[in-house]
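K.L.:
For reference, the chains in residue letters:
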Amino acid sequence: SAVISQKPSRDICQRGTSLTIQCQVDSQVTMMFWYRQQPGQSLTLIATANQGSEATYESGFVIDKFPISRPNLTFSTLTVSNMSPEDSSIYLCSAKGGAGGPIQYNEQFFGPGTRLTVL
Amino acid sequence: KNEVEQSPQNLTAQEGEFITINCSYSVGISALHWLQQHPGGGIVSLFMLSSGKKKHGRLIATINIQEKHSSLHITASHPRDSAVYICARRKTSGSRLTFGEGTQLTVNP
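These protein sequences, in sequence, are chains P and D.
Those letters in the first sequence? Residues 1 to 119, by the numbering used here.
Those letters in the second sequence? Residues 1 to 109, by the numbering used here.
Looking at chain P on its own, in the form it has when it is part of the complex (with noise of 0.2 angstroms):
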């Protein structure tokens, strides 16, 4: 299995400032996704933090406003950009096991999330 940590555990923001959430897996993976998750409703992907290249963004979710680094294999950081109260949602980080890792393949692990409010 992996353990994943994410920091900070909740932040209450400003409208029109930005927060970078970290993410640290205490195992290489081969994959990182981040997710949202708005209240009430199910996970949303946003994008999956591709190891040394830029991010696969899903749609509806772009660069500028949620940019993304992935600068080693543990290791992934998802900035909130340019706030608004619509952001207001939890945050998780994900890591998947790819082939040959230390994880069971396609075993997907979760954060224990960042819970943003947005005022």
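Hints listed in this document are in silico derivations from the structure and should not be mistaken for laboratory results.
We treat Cβ as the ideally placed atom computed from N, Cα and C, and that holds for glycine.
Keep in mind that a hint or two might mislead.
Said to hold, decoys possible - Here are the simulated distance ranges between beta carbons:
(1) D/Glu5 <-> P/Gln38: 36 to 44 angstroms
(2) D/Glu67 <-> P/Gln22: 27 to 35 angstroms
(3) P/Gln22 <-> D/His73: 31 to 39 angstroms
(4) D/His73 <-> P/Gln38: 36 to 44 angstroms
Claimed, not checked - Facing chain P, a subset of chain D residues (Cβ under 7 angstroms, in silico):
(5) Gly16
(6) Glu67
(7) Ser93
Knowing the structure of chain P, use the given hints to seat chain D on it.
P.N.:
Just chain D now, with coordinates in the frame of chain P:
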């Protein structure tokens, strides 16, 4: 129709009861995941299965590939089992997860 449907949406039980949460999906899968989300928001991966049955402690997950149906059972339920249980399917080995809407379970003492 959602690709992944869970039932019931909400479930209230008394401590000690046997609980079943159901998940149906509309297309074939490579894997079916059961996840647990506590009020703080963090998600724990409970099971990943592609056939048969898996057991971990008081939790049992089963899947019927032909019927495109999976169940999560909790034996001897406890208030600490209170959480949202989410079913998610992966269509092919490289594809993304598709999530159900979740089942809110409340176990009263």
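K.L.:
Give a verdict on every hint.
P.N.:
Okay, the hints, checked on the actual structure:
Between D/Glu5 and P/Gln38 the beta carbon distance is about 20 angstroms. The supplied range of 36 to 44 angstroms is therefore violated. A C-beta distance of roughly 42 angstroms is found between D/Glu67 and P/Gln22, which places it outside the suggested range of 27 to 35 angstroms. Our hint of 31 to 39 angstroms for P/Gln22 and D/His73 holds, since their Cβ atoms are close to 37 angstroms apart. A hinted range of 36 to 44 angstroms is violated for the C-beta pair D/His73 and P/Gln38, which are about 30 angstroms apart.
At about 29 angstroms, the closest approach between the beta carbon of D/Gly16 and any beta carbon in chain P exceeds 7 angstroms, and the interface hint on this residue is violated. Proximity of D/Glu67 to chain P is violated relative to the hint, the smallest CB-CB distance being about 22 angstroms (cut-off 7 angstroms). Because the smallest distance between the Cβ of D/Ser93 and any Cβ of chain P comes to about 6 angstroms, under 7 angstroms, the interface hint for this residue holds.
Hint check: violations occur at hints 1, 2, 4, 5, 6; the rest are consistent with the structure.
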